[in-house]
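Since the structure of chain A is provided, determine the placement of chain B on it from the hints.
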Amino acid sequence: MVGYLIRRLGQALLVVAGVVTLTFVIMRLVPGDPAVAYAGPKATPEQLAAARERFGLDDPLAVQLVAYLRDLLTGDWGTSLHSRQPVLDDLALAFPASLELVGTALVIAVAVGLPVGVLAARFKTRFPDFVVRVGSMLAVSFPVFWLALAVQTIFATGLGWFPVAGEYDGDLDTASPLTLWTNITVVDALITGNWPILTSTLWHLVLPALVVAAYPAGVIAQLTRAALIEESTQDHARLARALGFRESTILTRFSLRAALNPVLALIALVFAYSIVNGFLVEAIFNWPGLGRYATTSIRSHDTPAIAGVTLLVAVVYVLANLVVDLLQGVVDPRARAR
Amino acid sequence: MRRLGAFLLALIVLASLAAPWLAPYPEDAVDPLSSLLPPSPEHWFGTDQAGRDIFSRVLYGGQTSLLIAIAVLGSSALVGVALGMTAGYAGGWLRDVIMRVTDIFLAFPALLLSVALAVVLDPTVTTVIVAIAATWWPWYARLSMSVAASVSTRPYVDAARCLGVPAPLIVVRHVLPNSLTPVLVQLSLDAGGVILTAAALSYLGLGAQDPIAEWGLMVEQGQSLISTNWWVVTFPGLAIVLTAFAFNVLGEGLRNALDPRRTVIK
Chain A
1 MVGYLIRRLG QALLVVAGVV TLTFVIMRLV PGDPAVAYAG PKATPEQLAA
51 ARERFGLDDP LAVQLVAYLR DLLTGDWGTS LHSRQPVLDD LALAFPASLE
101 LVGTALVIAV AVGLPVGVLA ARFKTRFPDF VVRVGSMLAV SFPVFWLALA
151 VQTIFATGLG WFPVAGEYDG DLDTASPLTL WTNITVVDAL ITGNWPILTS
201 TLWHLVLPAL VVAAYPAGVI AQLTRAALIE ESTQDHARLA RALGFRESTI
251 LTRFSLRAAL NPVLALIALV FAYSIVNGFL VEAIFNWPGL GRYATTSIRS
301 HDTPAIAGVT LLVAVVYVLA NLVVDLLQGV VDPRARAR
Chain B
1 MRRLGAFLLA LIVLASLAAP WLAPYPEDAV DPLSSLLPPS PEHWFGTDQA
51 GRDIFSRVLY GGQTSLLIAI AVLGSSALVG VALGMTAGYA GGWLRDVIMR
101 VTDIFLAFPA LLLSVALAVV LDPTVTTVIV AIAATWWPWY ARLSMSVAAS
151 VSTRPYVDAA RCLGVPAPLI VVRHVLPNSL TPVLVQLSLD AGGVILTAAA
201 LSYLGLGAQD PIAEWGLMVE QGQSLISTNW WVVTFPGLAI VLTAFAFNVL
251 GEGLRNALDP RRTVIK
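Protein chains in written order, with the numbering used here: chain A, 1 to 338; chain B, 1 to 266.
These aren't lab readings, by the way, just hints derived from the structure by calculation. Accuracy of the hints is not assured; some may be wrong.
To be verified - Some chain A residues close to chain B (C-beta under 8 angstroms, calculated; not the full set):
#: 1; residue: Gly18
#: 2; residue: Thr74
#: 3; residue: Val151
#: 4; residue: Thr153
#: 5; residue: Tyr317
Stated by the list, open to error - Taking CB as the label site, the calculated pair distances span:
#: 6; chain 1: A; residue 1: Val131; chain 2: B; residue 2: Gly164; range: 53 to 61 angstroms
#: 7; chain 1: A; residue 1: Arg299; chain 2: B; residue 2: Pro166; range: 50 to 58 angstroms
#: 8; chain 1: B; residue 1: Ser150; chain 2: A; residue 2: Gly158; range: 26 to 34 angstroms
#: 9; chain 1: A; residue 1: Ile154; chain 2: B; residue 2: Leu67; range: 44 to 52 angstroms
#: 10; chain 1: B; residue 1: Pro38; chain 2: A; residue 2: Gly75; range: 31 to 39 angstroms
#: 11; chain 1: A; residue 1: Val323; chain 2: B; residue 2: Leu4; range: 31 to 39 angstroms
As the list claims (entries may be wrong) - Rough simulated footprint, nothing fancy, chain A against chain B, three-plus residues with beta-carbon under 8 angstroms:
#: 12; segment: 98 to 105
#: 13; segment: 140 to 154
#: 14; segment: 184 to 192
#: 15; segment: 227 to 237
#: 16; segment: 245 to 258
Each residue gets a CB set at the ideal place from its N, CA and C atoms; glycine is no exception.
Pulled out of the complex, with its shape left as it was, chain A reads as follows (with noise of 0.2 angstroms):
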């Protein structure tokens, strides 16, 4: 176990350095010259020298992807054009957003899937199951933003049952200020008893956090149906049927539990997953995550802060995926041999 932890954390640190040399080549790729970009149009050709020398530019890209690695290390991820503030720091605030929206989203789609995922594979090829299936296939086919648009306009603009956007009531800030411990509002707001903010910020995450929820729901219904009926049909649930247990039981007491390895990996696929596929209904929801900071960098074309937002998705990807692994070597020592 401890051979494959040390392999599994190796390969996971090469990956992380394979992503920082892909970030470093496409920032190089943006076309214009991040000398005028720093010392604007009009400088004197000695003062973009002086910009050049200052960013190593005139040094050989090996040596200069060497200092952004340092630099990144060091937790100089460089600043952002548009918010003029350190990226670390736009991200540091950003991503807890992010993670609250998420977090919701994800606790929503396991209560919906996972019931749903059993109560298809209970009645399988009948009324209950064909429903679910159709639901799950439809829950995964919607485009992200078109589904946060229509449910904005009809259950916020439209019916105002929920509020239109952003994190919570904005002059909350001044009747009730939070204290920020984790940067997570919905955490904090809980610790220091801030019940305004509390519901005010459960309230706001509903819409956002029901569209972000659709694909995750989709995915966890099919892959536990899928893994419940190949379940039922082994030895186990074989002998228990013939013992006279009922289908249900037999379902929820001893197929479930074996089902469940599988489905445990894809919620933490699906975890980083979510967090791109949240970034369009921040945008569209005003919510103060990483998405709504992507999508204005990209707007702005702000590489530094793209390329920060690029990086830490894929560092959270590949923790994820280093997790599930993690925790099927430790359930199912078989994985250790891959």
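Positioned in the frame of chain A, the structure of chain B alone reads:
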């Protein structure tokens, strides 16, 4: 279910191909006098800001989406399968190198790498194709690598090797044909995802540009009008849902029929 998917998809493909004959108006026929008309017998899906017929644009938009899907899946399957076959058959250090590179690309969320690439390149349909294909091929590389590795241990491959058949020929003649089924299933499962990603890129303004009819772009153009002129965003959005749904249903059906034991998660 499979028949439903195939039927829906056939309908969508036919309607897109026949757009020049089915569409009541040219896709880019601007008419300021009939701007933002609600759905009516003359304009089934209404008109947009420029007075263009949305029904016609949705039909033509199908051509754009299907073209993107075919180009992305074709090119990434070509690259992915070629690399995967090489890695799976050769094994050893070659496999390790190819798989590590694949892992790096897999660590990038598809939409994000596409966005990074699309920011660098000019916003066109070609950019969307290149950007998505760049993130899509590793899935086929990984999939065909594992299939090729297992096929390579079959007795008939050993037999060919003993007869002195050169390695490239073994791969093309024996390993490739016997590894294609899971790749084909995966391609049909992925088409919906490609269409959704392409729509998202166009929605962000990184893909097709105005006058081109593209569903994601049409949603973007209409989103500020959504509360007053709902039809401008509704119909292109429904077209995306329907197409992605058709591909997903068909893909799942094909998987159940051809390759029931494999579930690949993205």
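Next on the checklist: Taking 8 angstroms as the Cβ threshold, is the statement that the segment 227 to 237 of chain B is covered by chain A upheld or broken by the three-residue rule?
Outcome noted: n = 5 at 8 angstroms, threshold three: holds.
Checklist entry - Falls inside 53 to 61 angstroms, the C-beta gap from Val131 of chain A to Gly164 of chain B? => result holds (58 angstroms)
Next on the checklist: The hint says 31 to 39 angstroms between Val323 of chain A and Leu4 of chain B; measuring C-beta to C-beta, is that right?
Outcome noted: holds (38 angstroms)
Item to check | Evaluation of the interface hint that places Thr74 of chain A against chain B, nearest CB under 8 angstroms | outcome: violated (22 angstroms)
Item to check | Beta-carbon spacing of Ile154 of chain A to Leu67 of chain B - inside the hinted bounds 44 to 52 angstroms or not | outcome: violated (32 angstroms)
Item to check | Whether the CB-CB distance between Ser150 of chain B and Gly158 of chain A falls inside 26 to 34 angstroms | outcome: violated (54 angstroms)
Next on the checklist: Is the interface hint satisfied for Thr153 of chain A? The criterion is a beta-carbon contact with chain B at less than 8 angstroms.
Outcome noted: Given a least distance of 5 angstroms, the restraint on Thr153 of chain A holds.
Next on the checklist: Taking 8 angstroms as the Cβ threshold, is the statement that the segment 140 to 154 of chain B is covered by chain A upheld or broken by the three-residue rule?
Outcome noted: This one is violated; 0 residues, fewer than the three required, reach chain A with a Cβ under 8 angstroms.
Checklist entry - Taking 8 angstroms as the C-beta cutoff, is the stated coverage of the segment 245 to 258 of chain B by chain A satisfied by three or more residues? => result holds (count 4)
Item to check | Assessment of proposed distance window 31 to 39 angstroms (beta carbons of Pro38 of chain B, Gly75 of chain A) | outcome: violated (55 angstroms)
Item to check | Hint check, Tyr317 of chain A versus chain B [nearest Cβ-Cβ separation less than 8 angstroms] | outcome: Since chain B brings a Cβ to about 5 angstroms from Tyr317 of chain A, closer than 8 angstroms, the hint holds.
Item to check | chain B contact restraint on Gly18 of chain A - CB to CB distance below 8 angstroms | outcome: OK, holds: Gly18 of chain A within 8 angstroms of chain B, min 3 angstroms.
When held up to the earlier numbered hints, the structure conflicts with 2, 3, 8, 9, 10, 13 and 14 and fits the remainder.
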